[in-house]
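Asker: Next come the chains, spelled out residue by residue.
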Amino acid sequence: MLRQKSPWLMEVYLPIAQVSLDVFVLLGLGAAVGFLSGVFGVGGGFLLTPLLIFIGVPQAVAVSSSANQLVGASVTGVLGHWRRGNVDFKMGFVLVVGGFFGSLLGVWLFSVLKRLGQIDLMISLSYVLLLGSLGGLMLVESVRAVLRLRRAGGVRRRLHQHTWFHGLPFKMRFRRSKLYISALLPLTLGFGIGILSSLMGVGGGFIIVPAMIYILGMPTNVVPGTSLFQTIFISASVTILQAITNQTVDALLAMLLLIGAVVGVQYGARFGARLRGEYLRVLLALIILAVGAKLLVDLTVPPGDVYSVAPKLP
Amino acid sequence: MTSLNPLARNRRLPLRHLAFAVLLLATLIGGRPAAAQGLVADLTSHLIAITTGFTGSSVVLFGTVEGGGDIVVLVRGPERDTVVRRKSRVAGIYLNTRGITFTDVPGFYAVLSTRPLDQLAPLALRQQHELGVENLKLVPAPIDARASPEQLGLFRAALIRGQQGAGLFSGTLGRVNFLGDKLFRATLDFPATVPVGTYLVQVYQLRNGDIVSAQTTPLVISQSGLEAEVNDFAERRALLYGIIAVFVAAMAGWGASLLFRNA
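If you read the sequences in order, they're chains B and E. Going by my numbering, the first residue of the first sequence is number 1, and it counts up by one from there. Going by my numbering, the first residue of the second sequence is number 1, and it counts up by one from there.
Think of the hints as simulated: they come from the structure by calculation, not from any bench. Just to be clear, a hint being listed does not mean it is correct.
[Stated by the list, open to error] Partner residues aside, some chain B positions facing chain E, computed with beta carbon under 7 Å: (1) S20; (2) D22; (3) V25; (4) L79; (5) F100; (6) R151; (7) A236; (8) Q247; (9) V262; (10) T300; (11) G304; (12) V306; (13) S308; (14) V309; (15) A310.
[Stated by the list, open to error] Incomplete in silico selection of chain E near chain B, CB under 7 Å: (16) D81; (17) V90; (18) G99; (19) E227; (20) V230; (21) F233; (22) A238; (23) S257.
For glycine and all other residues, C-beta sits at the position ideal for the given N, C-alpha and C.
With the rest of the complex left out, here is chain E (with noise of 0.2 Å):
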């Protein structure tokens, strides 16, 4: 399913970080990019709670569009490097054999649009602005980068498959919806799976197969509350955690003993 070769992938990589920084940066500055006249969307809230109830989340993107045409809506989660493992059977047991890591893999990956994606725009533009979980470049690290064609077809696969498995790179397009001629809708799910850290979202405007305009929105999921303070207090004051955690468990331990010593 991968033509490109790996190399090709690797020597485009800056220039697509240097695309994002600068689009991040106007997004900051200006409220939108240059390019966006004809563009505005907003998101009904910029920050994602995650609390004690949490069981996934939702949030309304909506905007409007001069000229008509398709709107695409990328949602990008946090970046990491991620590893794809496969086992053999080896002695009558399953084990992990191989192992190919990929670099920079989003946490997080949904797009959602008007019209299925093949219909609005021509492979290349796809596969160049990464529309559609198919032509996400998914880039092996350099020690990985000599593996055949063919293993890192698998491998990318696999990688695909298994996030989709745990809800974090989505199955199916989702929609855009149109309410008369210029607004339009989307709604954003995200499950409660979802890694926290700085998402953004990306609107296209598409016509004629080429993209008229964009906009990039931030989007932050962090906890709050109660359980942010305990994930900071646990990273800052790790000893100090680790301490209180046994404490607080002895103590409930013999609190539970006295209070079943007479029953």
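Chain B extracted, bound-state conformation (with noise of 0.2 Å):
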């Protein structure tokens, strides 16, 4: 860990981290991570979290740090998309709500397994599990799609299809989205995404944007556009909720992350629009899988020493 100390390099100590890093790789890793954000709508975290444990930053400061920073970078993301009137904020509002009982609970489940020492393996395990099995249903779905455009000349789909969960009580009207659906049902997703973000360090939108478009059926236009609405909350409610808990959000660190971030968002949003939707979903699916597929290979990989060191949790 003893690093040289080079004259182009501007190193910058992280005052939680506790590590110094070089200002122009987290502008950059900000930057990537933020053109992404800005392509698909996602929020990126299940990048940057792994990427910033790569480069050094603890574990928990890099959950709770990009947490921290997902909330800068949502924000400019929905401003965005509202200005275009891409957000629904009555499915977002739903979301936040079920989002914030399930962070709550993920919170409380983070704290056990850290005690266990098994979080690692976790966070591994339910990366590989999720982003195995969305990212094949994805690019299944998505390549399917854009054959029938190749071989139709696009033919228009069908708004969504209607299964059993259509007839769950409380239904709401979603104008935006054009749904009449049960708020259960974005009650329980983002249960689910608050789960997720606190025990990955993740915004959830790898998730929530697949399961807006086939479990919800709303309008690819307005996805990215609600999705990063609801990373907004849910970010928000895990940067203090680590704060609290564990004194481990990098202010710092969070904000050199975003001033990569909003630019790169720009340009991915730029890029994106020109892109056709069918396109988006393949080169997601391809990235999700490629994510997971490296955290499965680093699981089966015999370590280079099975023996690792870590402080004592009191």
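Please assemble the complex out of the two chains, which come individually in their own frames, going by the hints.
Answerer: Shown next as structure tokens:
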């Protein structure tokens, strides 16, 4: 870990993480993740957290600080989508309510697993399972959609499929999404996202985007905006909970990542607007599968040292 | 590599702490312990401040000694309980299956000397004063003390390996140099990852395989400036810190959106 001081690098000491890292590495990391965030409307936390750990930020700080960063990044993102009228605020609000209760349960689970020394494994395993199944499903579906598009020159897809859960009670009308569905669906979805956010340090965009498309049946154009809208509040509540329970939120780290991210988001959003939704989904599916595959490989490759050292938690 | 049984180590532990406390007290009150008439040593600085640009630091230790012999310098960081975990393969994946906690493991440990340690002191003395990484008394927590000696040896070796990899235990012996007969100096290097807290720098004068005088000097490594204030604030006013962190991020996001609206 002894680093050589190079003249062209600018190291900065992060107060909570208690490590020195290069400013441009952090800005670049933020920009890259922001770009993806702009293209797909996912928060990018599922990439940011592992990358931060990889460059030497302690795991707990990486999780909490990327949540903090996500707050700012998703505010920027939402405002862009809002100006184009692509945010379903009512849907977002219901998701946030579910998400709040989910994050309470998630933070509790996190502390239990951490004490047992199994949190790393659980994080990797849940990433592999979720990314693998989601990425696989999305890839199959989106490739089919692209092929259909090619063959028929763009047949209009049905708004959404009707299934058993359209029979659930507490129906609500979501005008912006052209949906009339049970409020239990987005509530449960938000609850799940809340758990995942606190366990994995992600905004949950990579789950919620496909879930909105395939489970709720929302039109693709309102999905990124609404997903980012709920990300603001979920990541804000995770940030505050982590600040209270673990004191692991590094605001300086978050700000540096954020500066990179807000620039990246702008270019990402413009790039995304020029792509067709079907191609976008193929791309997102491939990225999700790649991250999942990398994590799976990491779990099965014999580690360099089977022993690891960590400070004992109180 | 360890022949001592863990129970014997446990019994000696309170004594060690007592000796430690006495040494520290003597340093604080008298400036130097009574036994150290022949030996005077000090650091160029007793405080290392970690600021924004911190990439590690070094402090020079200098001193004079009467009556010749060799000098050994021991640097120990703040102690904390440390867990060593072992992964094994279960159904194709590697997961932590066994963990052993070691109590009061120094967060930083380095030895510097004028000559290789095995030429200076017999093994018994090196073990007693924990001279050299391999002589550190790494004591397992009572709950893990029943593990077999072979197991403990493996975990102890892994702990040392891990700390060395992180730059927290020095892998190689540092040098203490004599300038003439009496004056000596040594450079203590600390990596960027060094834990904050109170360090003890112990200086020993050795002659004919025995310690003839010793002195202990404290060294404080702490955050200072804006970083320290941020850290302090994050601990004392955690809720407010969290809210501010969220608010600042949201404002920055909003500002960025205004900035790029017309671009």
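Asker: Hint by hint, work out which the structure violates, then give me just those numbers in ascending order.
Answerer: 2, 3, 5, 6, 11, 17, 21
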